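Work out the full structure, taking the sequences as your base and the hints as a guide.
Protein chains in written order, with our numbering: chain A, 1 to 418; chain B, 1 to 418.
Honestly, the hints are just simulated from the structure, not real lab data.
There are no misleading hints in this set.
The list cannot tell twin chains apart, which means a pair is met if one copy fits it or any two copies do.
In silico BS3-like pairs for lysine-lysine, Cα to Cα no more than 27 Å straight-line: (1) Lys194 <-> Lys213; (2) Lys194 <-> Lys212; (3) Lys308 <-> Lys281; (4) Lys63 <-> Lys51; (5) Lys358 <-> Lys14.
Since we're looking at a predicted model, the values are computed, not measured.
Each chain, written out:
Number of protein chains: 2
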Amino acid sequence: MKQNLEIQIENIAKLAQAASRSLAALPSTVKNAVLEDFASALLSNQAVILKANQKDISESPGKGKAFIDRLSLDEARIKQMADSLLDIAKLKDPVDEVMRAWNTPGGLNIQKARVPIGVVAIIYESRPNVTADCIGLCFKSGNSVILRGGSEALNSNLAIFNVAKEVMQKHSLAEGAINLIATTNRQAIGYLLKLNDYIDVVIPRGGEGLIKKVVRASVIPVIKHSKGICHVYVDLDADLNMAQNICWNAKCQRPGVCNAMESMLVHRDVAARFLPGMLKKFKEAGVQIRGCALTRDIASWAKQATAKDYRTEYSDLILSVKVVDDLDAAIAHINDYGSHHSDSIVTDNNDTAAKFLKQIDSACVYLNASTRFTDGNQFGMGAEIGISTGKLHARGPMGLEELTTYKYLVYGSGQVRV
Amino acid sequence: MKQNLEIQIENIAKLAQAASRSLAALPSTVKNAVLEDFASALLSNQAVILKANQKDISESPGKGKAFIDRLSLDEARIKQMADSLLDIAKLKDPVDEVMRAWNTPGGLNIQKARVPIGVVAIIYESRPNVTADCIGLCFKSGNSVILRGGSEALNSNLAIFNVAKEVMQKHSLAEGAINLIATTNRQAIGYLLKLNDYIDVVIPRGGEGLIKKVVRASVIPVIKHSKGICHVYVDLDADLNMAQNICWNAKCQRPGVCNAMESMLVHRDVAARFLPGMLKKFKEAGVQIRGCALTRDIASWAKQATAKDYRTEYSDLILSVKVVDDLDAAIAHINDYGSHHSDSIVTDNNDTAAKFLKQIDSACVYLNASTRFTDGNQFGMGAEIGISTGKLHARGPMGLEELTTYKYLVYGSGQVRV
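Next comes the structure, spelled out in structure tokens:
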């Protein structure tokens, strides 16, 4: 017999699917009005949200500074959440766009039309701002959403969710359009991941452990938003000043994010010219270096890197460094040790650049630029639900368009197959 | 400790991934030459292939006529396989196509470029011609392929595969470009589905049992090619002659395929005018009818339909029939009982048509045409690997383009994020 929680989760998914049918037909003007009202309501309910957030923070002692920083809300952050919703309202609605249309010799008119995916489940870390962003992006793209945020942010998420819910009710929208799984019981995720009759895609954002667990347990298609082990490779033919700027930016400008550089590769023939100045600069910025033997010949103060270091997303002022024999070695290392997120080469050699761009198997491959640009806003897509590190359906920054699929509309006048 | 078979499967997957790196860079001219050579070699090795096929057939007694028909090869079918490869050689190579390119305000040039998915595993029924088609399509789209065909076709598949292998070797292509799991041990699939470090997508084609098993066991993303429970809905405002032609074609022209009609829905206000003639025609064609109570009021000879009937892909001269109250009831029935493959409405009412096309949640939705057109060739894509009944990445007919993904190539001149 099914447990109470299992039945609850199933009911949420059923309501979400029912709502998705009507959301798919909602005009952009209505969707935008709802988003604007949600933005205003966040501001007018600021006190309630901040109080709930204070409760979350007070119940998370000993969680570490970075964790508490991601969990914390203040007036400025609530303003950011509201502004983000207003930005989403301004973005072009992808639904119903005819991607391609053609006529067959038999006289059928075929239209490949963009439609919402249906029901999107998102499992994410304890960052309350993600709750508002995900509601905004899924709603604008015509999808029902089922949210499961980190347990430590439950009160904040509920407060934000209730504000959205009230706005949805005011606009008489279907009950299941937005859903929050408001329990810290971990079994809830297990139940959710079995419901492929109702849920069309699950997007897990977070650490490797969570992603692996979701991939293993889910019968629903998964678009994973996993770690970013991003590389910059400083080539034999690099402009070494440019390389220094790019590497410094990729590591230090915001080390806690997934598009920051975690590993720096240097061609052996420029190592002696490049590394001393670069490593000195990193040392001054407080970056801890974990290097290969050749790196440590140049900077004896650096720690020895292990194989594990080259597979680690530090999200911190720590950098693994490796001197490589040539371009092929750099490419092989990145494809093997990286996470297929964002990788960059610094070189003035066109042939070298072309080979790197072609052979690196990552969502975003850069020539002479910092990996830090992998971001929906930087790419001009507007807000993003995250960065997909999978290869199917969506790769890299995932915005409104990536929250849609398509169907073929075929217009005939009595055609039959002969 | 890993078993022998598990290690073998893992080695196949590793070689496939290694090969995929070089396949991604192979020029179209080389790929087309290989495909043409493969086509010739199939013809010149006809005797060997037919002998292997005879062995398969003789080892499959009592398997039923339709099964043996799908398993059997003859000169004409080998010619078809060869022609299909020549067709694939003529199709436009999707790899490296720039899907979109733009400049950011900061001066980055971003190109969204089509690239092969990488390693594609295909699990399919006992149809040897699929072996050649899948090799052709995956190779042309720059992917390594791992094939696991039905056990009963193993000798035929091996014979075809060996012909392809020899051609690949003649052209000095990487060993892992094409792979066949040449064992009837069912554990092989279980091992295969765990290898998400090497395999990028698995495409199961076949019955519901196989699809469910693969979806449950796989940690690799799955693009399912499941059953087609296709509907034609005859509306209140239908041209009833047209409706009769379309329904007859959708059911009878080739009942064994996935885009044939399995269920016919009729608006109650036209049932008395439409059903008597239509059902008589079906009866004459040997179609067994399983109808609702209202259907049986008109045709008392029809069997009573059960709820299970409406969820069944007969792939045969059997049809479930239901009289519905209105358009909404038709839409609800199709979205609930159907398989999201291909569904058609016959109507002259534009508003009714628009609502049906919008609200039916299927890969292909037709107005005034037979469902039988859901097919890569009919859609003008050329050969297809199958029809995806999932919503992510590829929906409906899946040709060369759907065997690719994309990556972002970002060209800078020293840009860093501020």
